[in-house]
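> The listed protein sequences derive, respectively, from chains A and B.
In terms of full-length UniProt numbering, the first sequence opens at residue 1 and continues consecutively.
In terms of full-length UniProt numbering, the second sequence opens at residue 1 and continues consecutively.
Among these hints, one or two may not hold up.
[Claimed, not checked] Listed next, the in silico DMTMM-like pairs over lysine to aspartate or glutamate satisfying Cα-Cα at most 20 Å (straight line):
| id | chain 1 | residue 1 | chain 2 | residue 2 |
| --- | --- | --- | --- | --- |
| 1 | B | 125 | A | 52 |
| 2 | A | 4 | A | 24 |
| 3 | B | 125 | A | 35 |
| 4 | A | 53 | B | 120 |
| 5 | A | 64 | A | 35 |
[Said to hold, decoys possible] FRET-style restraints, in silico, Cβ to Cβ:
| id | chain 1 | residue 1 | chain 2 | residue 2 | range |
| --- | --- | --- | --- | --- | --- |
| 6 | A | 79 | B | 60 | 55 to 65 Å |
| 7 | B | 248 | A | 61 | 37 to 47 Å |
| 8 | A | 41 | B | 61 | 22 to 32 Å |
| 9 | B | 150 | A | 70 | 31 to 41 Å |
| 10 | B | 180 | A | 39 | 30 to 40 Å |
| 11 | B | 180 | A | 64 | 39 to 49 Å |
| 12 | A | 70 | B | 249 | 35 to 45 Å |
Honestly, the hints are just simulated from the structure, not real lab data.
We put the CB at the ideal spot given by N, CA and C, even for glycine.
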Amino acid sequence: MADKNAILAGLAEIVEEETGLETEEVKLEKSFTEDLDIDSISMMTIVVNAEEKFDVKIPDEEVKNLATVGDAVNYIANAQG
Amino acid sequence: MSRRLVITGLGATTPIGGDVPSLWDNALTGTAGAKTLEHEWVEEYQLPVTFAAEASHEPAETLSRPETRRMDRSTQFGMVAARQAWADAGLDQVELDPERVAVSFATGIGGVWTLLDSWDTLRNKGPRRVLPMTVPMLMPNGAAAAISLDLGAHAGARTAVSACASGVESLIMAMDLLHNGDAEVVVAGGTEAAIHPLPMAAFANMQALSRRNDDPGAASRPYDVDRDGFVMGEGAGSLVIETEEHAKARGATIYAELAGGGITSDAYHITAPDIEGAGATRALRKAMASADAGVEEISHVNAHATSTPVGDIPEYTAMKAAFGSHLENICVSATKSQTGHLLGAAGAVESVLTVKALADRKAPVTINLENQDSEIPLDVVSGSPRDLGSKDQVGICSSFGFGGHNAVVAFRTA
């Protein structure tokens, strides 16, 4: 089982790199669009970087279902198996 | 509608200074911006030219990390210079109607680093890894667009693309916007970041670049008999241009008047300059006519003078034709001797220097002039800056680009 805390920490680094938001602000319950103000292009950049970092595939049609940071962490954890 | 246009703000990030005060100080004393490149790719690709004039300050020193990531290096330089000019004009302190503010920001090549890095990513890692921001980062209008977004300019964001004439063309495009009544304030300028192995190899193969690898600081030597090509530079220059009415109403400090401009095309050869300098002559005459300037008013020219064996002579021929016997009373500065050639940013940085020269009544120096070419008997400012005297006068900045683009602007003391 993948370590969700490690995924959250890694994802927070990717988000920080792309947006400048502090890693502490990237919490499981935060919405990418509403809370973190991440636009669709930044979201795709984050997804592409997450695929590389966590060695998973996140199909484009799945991205719209990743509303919160927690959704993304769960998706990545499941994809890693 | 013909209105007086004035320069109220200046910004620059260059190989000899990351802002206008340091650029100006260094330009007066004479500073060589070119150095041996310390990038792995120079060795990796066995480039025939191993030096260039890189910016003295990295844009990341003033931009945020996300800004740096989402902008090509060329847009980064443009943003740094435009913000400086905006603040210098005091526009960060006043309420402006955004629909009366426009941007005119040029580049010669645009986001060449982004384009080629993305190509490497595609080939090495596949299409999924190509960043979604690739297109807005590589597009030549990227700098103009990013600056308009940053400053909230709603009256248009234009991009002149005319190789090494781009920077001056951006000022003339700004004049058109202001004379047409489309805006009251235009943030103009030019930017370039093309010190990349591909353009370096291509320019070298054209025999356009100096090969003085053993002495980079002496390589850019306009008008010297031993000149052997230009030196690649990078950076950006920016000028805030306003209608005089608007500037005076808000009590702005005025550096100089942007009195006139002229654009012509050679229709002669895609890269070689017309030997007779006919297109350049016409551009000089157009600029003087549009500035309503008599030839005797002209005191100073910041010349294009790239230091190529073939380029410097036709520019002299053109000046001789346009200024006649008054040419002997005009002092000429070839500041690419210091900054290298900033391609699409050259005319913008050199316009900043021309405006400073008129405002401070001092012409900057030309370095590396040891044996002046007898075919170019100009009064070249070298050794120490030239005092321009206190009377009202006109200064000219010329830029010429591959494709036969000629662009000239005329500034008048305020």
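> Does each hint hold? Answer for all of them.
Now the hints, each set against the structure:
no.: 1; hint: 125/B to 52/A; in the structure: 10 Å, holds
no.: 2; hint: 4/A to 24/A; in the structure: 15 Å, holds
no.: 3; hint: 125/B to 35/A; in the structure: 32 Å, violated
no.: 4; hint: 53/A to 120/B; in the structure: 19 Å, holds
no.: 5; hint: 64/A to 35/A; in the structure: 16 Å, holds
no.: 6; hint: 79/A to 60/B: 55 to 65 Å; in the structure: 34 Å, violated
no.: 7; hint: 248/B to 61/A: 37 to 47 Å; in the structure: 58 Å, violated
no.: 8; hint: 41/A to 61/B: 22 to 32 Å; in the structure: 26 Å, holds
no.: 9; hint: 150/B to 70/A: 31 to 41 Å; in the structure: 33 Å, holds
no.: 10; hint: 180/B to 39/A: 30 to 40 Å; in the structure: 34 Å, holds
no.: 11; hint: 180/B to 64/A: 39 to 49 Å; in the structure: 44 Å, holds
no.: 12; hint: 70/A to 249/B: 35 to 45 Å; in the structure: 54 Å, violated
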